[in-house]
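Take each chain as given, in its own frame, and dock them per the hints.
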Amino acid sequence: GENVEQHPSTLSVQEGDSAVIKCTYSDSASNYFPWYKQELGKRPQLIIDIRSNVGEKKDQRIAVTLNKTAKHFSLHITETQPEDSAVYFCAASSGGTSYGKLTFGQGTILTVHP
Amino acid sequence: GAVVSQHPSWVICKSGTSVKIECRSLDFQATTMFWYRQFPKQSLMLMATSNEGSKATYEQGVEKDKFLINHASLTLSTLTVTSAHPEDSSFYICSARQGAFEQYFGPGTRLTVT
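Residue numbers (my numbering), protein chains in the order written: chain A, 1 to 114; chain B, 1 to 114.
Chain B with its partners taken away, still in its complex shape (with noise of 0.2 angstroms):
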């Protein structure tokens, strides 16, 4: 149980395009999920908290109007990265919460941007 699957795996795009990438709870609910970006050999930094039926809540220093995070369903959240840059090529991971603690990863997203 506790399965998380992120889509695409990994996306290549050119600058001042838009990318989407989807997270997905496959065996659970989740009214809560986070989206992370990771540069390499470095740890995993909070980009935003993505709740069902309601906006976002972005950590400082995100910008949101150029990540939206749309989380329409209990098992689907999406980060679209608007006007993408090269300095936004990283690995993007999500992660769902299953009860009121244990989170699950999805397998992550590599994003470079031309």
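So here's chain A without its partners, still in its complex pose (with noise of 0.2 angstroms):
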């Protein structure tokens, strides 16, 4: 089945900088590569996502970047905000048979310092 690795665990920035959080996924069949943000307690939300077709995609603030090739798909946050400080998942679907179930990333805690 699908594996996905995360990193970093944990990301402490200032306000105002970059973060970037990685993650590789092992199986070449995956095709949609969600991103979801968790505060404590709360539910996983999408903040973004890319499907296999798209090397990049930008929403304001939040880009994620997809290189099939190498099965690596990246977060990026710029600006970032005391806000911004929350638990990020990556997530991988193969889709097809399996219904589109997604594997997840282990998380990384994002702490941004106003």
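FYI, nobody ran anything at the bench for these hints, they're computed from the structure.
All values reported here derive from a predicted model rather than from experimental measurement.
Watch out, some of these pointers could steer you wrong.
Lysine-lysine pairs mimicking PhoX-like chemistry, simulated, CA-CA at most 20 angstroms apart [unchecked claim]:
| # | chain 1 | residue 1 | chain 2 | residue 2 |
| --- | --- | --- | --- | --- |
| 1 | A | 22 | A | 57 |
| 2 | A | 42 | A | 57 |
| 3 | B | 41 | A | 22 |
| 4 | A | 42 | B | 14 |
| 5 | A | 71 | A | 42 |
| 6 | B | 64 | B | 20 |
As structure tokens, then:
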């Protein structure tokens, strides 16, 4: 099955700096890569996603890049703000007969210091 | 749009009893819903895939007779934890798939078994 590795496990930045979180996946059939933000005790919220036919996607301060050859994808947050502090999870979906089930990375605790 | 509710938000039960958790997609129909379990400071682990009108597909290591899943309609899936034990205490989160890829999560149910 799919295996997703996420790094770093913790990331501490100053407000205004950029933050980058990286993930690798194992199943070359995976074709959908979402990123979720989860605050303590809350539900994961989809913040951005990318499909395998696209190399990069941007939404305001958030961007995701995908390298299918290397099987890795990254989340980039620019101009970080304290409210960006949360746990971020990457995921990969192999679609097809697996009904699009997601395999999650281990999570990254992002702390943005004012 | 894409709102998923979950009930109850938290529940305390005695060891040996059963608990039912409901997951509803409020503004869309979901033929596929997913059930996850999340232990403190850990990632989301998929337990099972729930498909409307058919039997759920369980992940390896998840006891199907202990975690009963019913997906009776396009907007409702239920998870029943039978004969609960303290080690079943966890945060249970459902998600509903909208379209081919996107999954939206419920707010989660915190189960404590005493």
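Against the structure, the hints:
This hinted pair checks out: residue 22/A and residue 57/A have alpha carbons roughly 15 angstroms apart, not beyond 20 angstroms. Distance hint between residue 42/A and residue 57/A is unfulfilled; the C-alpha atoms sit about 26 angstroms from each other, more than 20 angstroms. A distance of roughly 19 angstroms separates the Cα atoms of residue 41/B and residue 22/A; the hinted pair therefore holds under the 20 angstroms criterion. Note on residue 42/A and residue 14/B: the hinted pairing is violated, with a Cα-Cα distance of about 25 angstroms set against a maximum of 20 angstroms.
At most 20 angstroms may separate the alpha-carbon atoms for a hinted pair to count; residue 71/A and residue 42/A exceed this at roughly 30 angstroms. Only pairs whose Cα atoms come within 20 angstroms are accepted, and residue 64/B paired with residue 20/B is accepted, the gap being roughly 14 angstroms.
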